[in-house]
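Taken in order, these protein sequences are the chains called P and W. Read in our numbering, the first sequence has 136 at position 136, and its numbers run on one by one without any break. With positions in the second sequence counted from 1, the corresponding number in our numbering is that position plus 1000.
Among these hints, one or two may not hold up.
Stated by the list, open to error - Derived pair list, reagent style BS3-like, types lysine-lysine, alpha-carbon separation capped at 25 angstroms:
id : chain 1 : residue 1 : chain 2 : residue 2
1  : P       : Lys25     : P       : Lys38
2  : W       : Lys1047   : P       : Lys95
3  : P       : Lys95     : P       : Lys25
4  : P       : Lys148    : W       : Lys1047
5  : P       : Lys148    : P       : Lys95
6  : W       : Lys1074   : W       : Lys1087
7  : P       : Lys147    : W       : Lys1047
As the list claims (entries may be wrong) - Simulated coverage check for chain W against chain P, where a stretch passes if three residues somewhere in it have a Cβ under 8 angstroms from a Cβ of chain P:
id : stretch
8  : 1059 to 1073
9  : 1132 to 1143
10 : 1148 to 1154
Source of the hints: derived by calculation from the structure; they are not laboratory data. Yeah, the Cβ is synthetic: ideal placement off N, Cα and C, and Gly gets one too.
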Amino acid sequence: MFGTTMAASGGEFVAPGPNSFDFSKQALFHIGDTAVTKPMVQLVLGALVVFVFFYAAFRRATLVPGRLQFAGESAYGMVRNSIGRDIIGSHDFIKFVPYLVTLFFFILINNAFASIPGIQFPTFSRASMAYALAALSWLIYNGVGIKKHGLLGYLKLQSVPSGVSPVMYPLLVPLEFFSNILVRPVTLALRLFANMFAGHLLLILFSTGGLFLLEYGGIGYVAGPLAWVLAIAISFLELLVQFLQAYVFTLLNAMYISGALADEH
Amino acid sequence: MQNLIFLAEGSEPTEGGHAPENPLGFVPVEAALSLVVFGLLLFLIWKFVAPRFEQTFAERTQAIEGGIAAAESKQAEADARLAELEKQLADARHEAARIREEAREQGAQIVAEMRESAQAESSRIVEHGKTQIEAERQQAVTSLRAEVGALATGLAGRIVGESLEDEARQSRVVERFLADLEASNGTTSGSVN
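Sequences and hints are given; from them, build the entire structure.
Here it is in structure tokens:
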């Protein structure tokens, strides 16, 4: 969007960049001193969509489900069984199911906003929002582990690998601690953020670039439409990435929780 | 709202000249909002959605298992009923065969009895006829004897020419004649018998 206006006015193509993700000068409205931007509204809208969907699905829950109830149960059951039960194990997975379900559908809807006409912006390409979810994940899996094993027991579980001679401990213990405790939230947040950010950037590039080429004329009459065709192809790829990132984020959460709950390995 | 928009426009120039923000930068408002919204959604789903789904799942499992158990007991009941009916049918067949056999024996017995009584009746009738004939014959013999006596005396009186009016004499003559006749007749009948 910014690219097109700039290209039209300046006559020279300006590639989309971080600017395209900066809404701080485009506040929709203000609450007190706080500027409310589009991604913030999307965040709330996403949560509403998720809850309304599930609420409508169970509102008239019967033993023989209707169409909507079946859809809701399938969605809930997918996360519950294929992520929760299969990863955490049937013993204690049930209390984490609400968290995993919320996580998965909240991220999924907010990612899908990138492809929904009229919104077309992935909420989690705002890194701070992804940071928050990753921080929460970190608190939860560590909290669960500490509650079960005690602080020292948990640190030992996460940092001291079993089946390795103690000679290696000075090397391995800091490494394990670093990878299991420090790096996990960072990779969680960055993976989600970067995928959404890059996908959206790519889409803007191909669509605004296509327009610029068309306006440029000459070979642009061929290259412009070609760029748009690619933009459509990338849109479909993005749909896959949106689902995959939500799935991976939730799956990793389940694995971290399962690791924290594990007995001595 | 008007104020808010005005505020937004007013704040713009102060930021306008800044370099574009770092996309990795931390924006506390957004992070806080993300946590709050996620927390609220988590609460709603924890409180309302998950229990309802779990309850429905549990009820469904129970309903299916209950249905299977009910069907099994119905099946067992039906099997028992069928076995009972088959047993009753076999009993009835047995009974029918027994009754038929009995009837056949009784029939044969009745026929034999009838035949026997008919035989007795016929021989009784034959016997009766015989005695009747014998009595009639006896009666005929008696009356014949009287008649023959009268005839013979009449005939003899006429032949002899002498009236045998005298009762005593007449009777004596007849008796003597009959005795003679009987004696000769007795020898002949004795030889016949």
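Taking the hints in turn, this is what the structure says about them:
1. P/Lys25 with P/Lys38: Satisfied, since the Cα-Cα distance of roughly 11 angstroms is no more than 25 angstroms.
2. W/Lys1047 with P/Lys95: Status holds; Cα separation ~12 angstroms.
3. P/Lys95 with P/Lys25: violated, 42 angstroms
4. P/Lys148 with W/Lys1047: holds, 24 angstroms
5. P/Lys148 with P/Lys95: holds, 14 angstroms
6. W/Lys1074 with W/Lys1087: Holds, because 20 angstroms separates the two Cα atoms, which is no more than 25 angstroms.
7. P/Lys147 with W/Lys1047: Status holds; Cα separation ~23 angstroms.
8. 1059 to 1073: Satisfied; 3 residues make the cut.
9. 1132 to 1143: violated (count 0)
10. 1148 to 1154: violated (count 0)
In this structure, the earlier hints numbered 3, 9 and 10 are contradicted, and the remaining ones agree with it.
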